[in-house]
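K.L.:
Please model the entire structure based on the sequences and the hints provided.
Now for the letters of each chain:
2 protein chains.
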Amino acid sequence: MATPARYSSPPGRVPSIGLADVARSSDIALANRLADAAGAAIRPLFRSNWTHEAKADASPVTEADRAAEAAMRRLLDAEAPRDGIIGEEYGAERPDAARQWVLDPIDGTVSFMAGRPIFGTLIALLQDGWPVLGIIDQPIAGERWVGAVGQPTLFNGEPARARSCRTLGDAVLATTGPQYFDDHDAEHFMALAAKTAHKRMVFGGDCYNYGLLASGHIDLVVEAGLKLHDFAALAPIVEGAGGTMCDWNGDPLSAESAGYVIALGDPARLEDVIEGLACHH
Amino acid sequence: MATPARYSSPPGRVPSIGLADVARSSDIALANRLADAAGAAIRPLFRSNWTHEAKADASPVTEADRAAEAAMRRLLDAEAPRDGIIGEEYGAERPDAARQWVLDPIDGTVSFMAGRPIFGTLIALLQDGWPVLGIIDQPIAGERWVGAVGQPTLFNGEPARARSCRTLGDAVLATTGPQYFDDHDAEHFMALAAKTAHKRMVFGGDCYNYGLLASGHIDLVVEAGLKLHDFAALAPIVEGAGGTMCDWNGDPLSAESAGYVIALGDPARLEDVIEGLACHH
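Keeping their order, the protein sequence lines are chains H and G. FYI, the numbering for the first sequence is 1 to 281, going by this note's numbering. FYI, the numbering for the second sequence is 1 to 281, going by this note's numbering.
What the hints contain is simulated information worked out from the structure, not anything from laboratory work.
Each pair may be met inside one copy or between any two copies, as identical chains are not told apart.
Think about it this way: if two alpha-carbon atoms lie no more than 20 Å apart in a straight line, the pair counts; the simulated SDA-like pairs of lysine to any residue are:
no., residue 1, residue 2
1, Lys-199, Gly-225
2, Lys-227, Asp-185
3, Lys-195, Asp-272
4, Lys-195, Gly-177
5, Lys-199, Ala-186
6, Lys-199, Pro-178
7, Lys-195, Asn-249
P.N.:
And the structure:
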């Protein structure tokens, strides 16, 4: 295969804009307040009594999802009234703004509804379509990863580091579930999975897998079909921990990406992963 | 298909022995101390720095696994010296005893090694081969399910109740991972899964799924290839919460079972599940 353009880029995900400007400490503080507000809305509804009702598409969208996004939107409207918002539940506001907050109040709704504390609230800030700030917040366990371009990723305030991985055969691979791949994607995924430490493969987990990767407990996450609100927050977290995140072709993730995602703790294994997938999207 | 013998049995899993004798409060207190000891051994090692080394079979058996089982065995040797022990790590002692403690210090080693707080310590007491007492302990989140024949299951000291499920199409199904089924089993499993609320299907989770079922958050867990130490503790927990647990034929679980396991929150759906699997083992 051709070497992806990414390999010849200078380090860093957002090569063409001034990094110092894009993830200000005031933005990080606001993002933390958004996560606090979402967690306060979510916690009382975790493991409450659910009926078996669902929307027509059987997607488990919950009262908690809506309450958490509404709480975050109220804060953004008050504190960042000129920024755009792209929310999983309530759509887009000010879509022409250069700065866009991307909100997924509950990533991992299946886990949330099953009572598993491995879902997360995702908050990202895009600058000109590039994710420059991201938060994964797990409000039940009280766990938060914060990543910002040019800064070390923090887990509960302490630096997080992805781990090295000598060969692809050692890599612990995670993915949310086989049902999220279509037949064609599943074939490529399984070809890759067979080259990893597949007996230790982790299923389920959604965004939580990317936090665990940033903290050095998982080596590789590969998924397909993600939406912008599913992946925008993850890239700054993974990359600020020393890992790399890109699409299945090795191209950096942006608002234009198709949702085929690789997160890798040890960037030295990227060529092996892309060859293992043997698939261009 | 023929109606399984179970349907004509009197209620309760252990029909032929005196229930009052088999799960004494002193046994429950001892089982709780075993779980405390295992948790104390496990907690310091969770999310510690792992290398990529593994045993020859690539099973992620860890220092924590061994330390926790050793701690439980020391307590049993001191407090129940005539009882047998069947441990995942250190084998069997006094195999002819009528009472057998069955220990799985870390069920869900893949989750443990990936840093996910959804593994569990499993402790069961068998009387003449029948599980009469079971504990699932999650030592990081501080969550414990305790089940004993003839008593309501407790979650952190409060009664746990499985939920009702009007039709199989409403059922949220969980299973640890597709790689644990062989091709033949997977076919039957997928036939069943297609009849459940499969968009909300939960992957990963090991013993934790059975605790969540006992607490009314999941309706159905179906697995294959489990060992006695994987399932013995689960049956009293699920049944004490109003659910039912059996093999893929509908027969109750005992030391003789082959490890094809169904746990179901609403026993009224059992016939549907067994028909959905359409498979005798």
